[in-house]
Amino acid sequence: MTIEEALTARLADSRDFAPMLAEHGGWSLRLINVPGLTLRIISDARPQHYKGFQSLRPTIVQADIWAERADTCAACRDRLIAFLVPAAVVGSVRFQRADVTGVRSGTDFDRTADPSSYRDALARASIDFLFLHNA
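Residue numbers are given in the numbering used here: position 8 of the sequence shown equals residue 8, and the series is strictly consecutive.
Hint data in this document are derived by calculation from the structure and do not stem from the laboratory.
Treat each hint with caution, since some may be false.
What the hints assert, rightly or not - Computed Cβ-Cβ distance ranges for the label pairs, DEER-style:
#1 R104 x A45: 34 to 40 Å
#2 N33 x R97: 33 to 39 Å
#3 G102 x A70: 25 to 31 Å
#4 P86 x A121: 30 to 36 Å
#5 H49 x W27: 17 to 23 Å
#6 S92 x A121: 17 to 23 Å
#7 T2 x D71: 17 to 23 Å
Since this is a predicted model, take the numbers as computed values, not measurements.
Glycine residues also receive a C-beta, built at the ideal position from the N, C-alpha and C atoms.
Please construct the entire structure, taking both the sequences and the accompanying hints into account.
Below is the structure:
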């Protein structure tokens, strides 16, 4: 099982995040101007020793939450952190307790010169999780 499959399965077990991931987001894909949750791997190092790859490895995953309001986005961000930080086992993948290495906020602007284009901008929160796992 890959880390993508394991994190997708982990989020699918959540009332809060399963609909956000399945209907309006996923791994690096999202409908424009539609609230949702997207995930992408930022770094997936493969540490080695003299006999080959180590079974435990670090992966940085960026989670982006898109919402219509900044306060909704912030609340969802805090729930996602509380949900993904604890250690877990999903299928054959063991996750140690995750570290949150960065949190950013912003908006999803249409970058045209027309000020009215910002009217429908979505609030965004980005969270970088460092997972130590054996996927």
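Which of the listed hints are not met by the structure?
Of the numbered hints given earlier, those the structure breaks are 1, 3, 5, 6, 7, listed in rising order.
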